[in-house]
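Novice: Full structure from sequences and hints, please.
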Amino acid sequence: MGAAPVALTLPRFGRRTRQTEQLVLAWDGQTLAYVQAREEKADLFRVQRFGVLRASGDSPADLARQLAALGLRGKAVRAMLRPAQYQMLQIDAPAVPPEELRTAARWQIRELVNQHVDDLTLDVLKVGDERVRATGSIFVVAAANAVIRELMQTAQAARCSVDVIDIQDLAQRNLQSALARRLGTSERAHAAIVMIDDSQALLTICAHDELFYTRRIDLGPGFLQAPWGAAARSDATGAADLTLAPAGQESDRAQRLVVEIQRSLDLWDRTWPMLVLDRISVQAGARTAELAGLLAQELGQVVVPLDVSGLFPGFEGGNEADRQLCWPLLGVLLRHEVRKL
1 MGAAPVALTL PRFGRRTRQT EQLVLAWDGQ TLAYVQAREE KADLFRVQRF GVLRASGDSP
61 ADLARQLAAL GLRGKAVRAM LRPAQYQMLQ IDAPAVPPEE LRTAARWQIR ELVNQHVDDL
121 TLDVLKVGDE RVRATGSIFV VAAANAVIRE LMQTAQAARC SVDVIDIQDL AQRNLQSALA
181 RRLGTSERAH AAIVMIDDSQ ALLTICAHDE LFYTRRIDLG PGFLQAPWGA AARSDATGAA
241 DLTLAPAGQE SDRAQRLVVE IQRSLDLWDR TWPMLVLDRI SVQAGARTAE LAGLLAQELG
301 QVVVPLDVSG LFPGFEGGNE ADRQLCWPLL GVLLRHEVRK L
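Here the sequence shown is numbered in this note's numbering, starting from 1 and rising by one per residue.
Quick caveat, the hints were computed from the structure, so don't treat them as lab data.
Derived DEER-like restraints, expressed as beta-carbon distance ranges:
#1 Val276 with Glu150: 40 to 46 Å
#2 Glu150 with His116: 15 to 21 Å
#3 Gly184 with Pro305: 18 to 24 Å
Ideal placement from N, C-alpha and C gives every residue a C-beta, glycine not left out.
Specialist: Next comes the structure, spelled out in structure tokens:
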């Protein structure tokens, strides 16, 4: 591509900027979601404002006016890429010095990416935590240069600068790890299942504040509106019974989600037998409790809502759709500096 690639800096490599007030945004070409918050103490941020701007038609000027009205001029921001904007690959770590990993990984993934490697910005991070067991594997994040460039241009239109770019897999890791720290269970494995949008779920498994496993599960358009659900009703003792929807296409899609999660859990048990899964957390907007109940029944595991409200007072109000778009950005606020490869 004509322009030089923009460096993609991920939390493992980027310098931590100690600012009590932080602004995070995500731009997918159609909508810009943002969260502004002030750090009150470790793992506690008071959200000052959040929202979503939607581009009307093909008018960049209209979006620029909306951005200007936000009053972001001069602010340093952290940006987050959504899963559709990058590929997350796991490969055997090349036998090269750490400073040569990106170059070696670029060559190694050339047949795995969906466009020419010269048109991609890459970064790498280790799989898991060597205190548990060395894996010899790395994650490779590959984002199109065009996506990075458009993100930078959008920030420039708001008269602010992007100082670090994060990805949703790691933002999700940060959220579930913060909850584990609060519960005193950081050394145990914990899974999170988050609906990225109406058709795809993101499954991550973490321990020791690190990402060990990640995958995306495609469920087809309209999954969150479909009657796959299970209706909870209380019996005389107050216990919740789960009544599954009638068999059919929508029920089949719910079962596909269950099957794919179970396959991942089976793989986890074989790969990391020393890290027994402590719990599974779920985030699916208004249907979070419903999905948690369904998965608990079908998987035979402890499944609870991924409730981060105690970490982010002020993240309330607005409409459900906007909160769902902004929710992953909360994890970027929790970014910590960690060791390099």
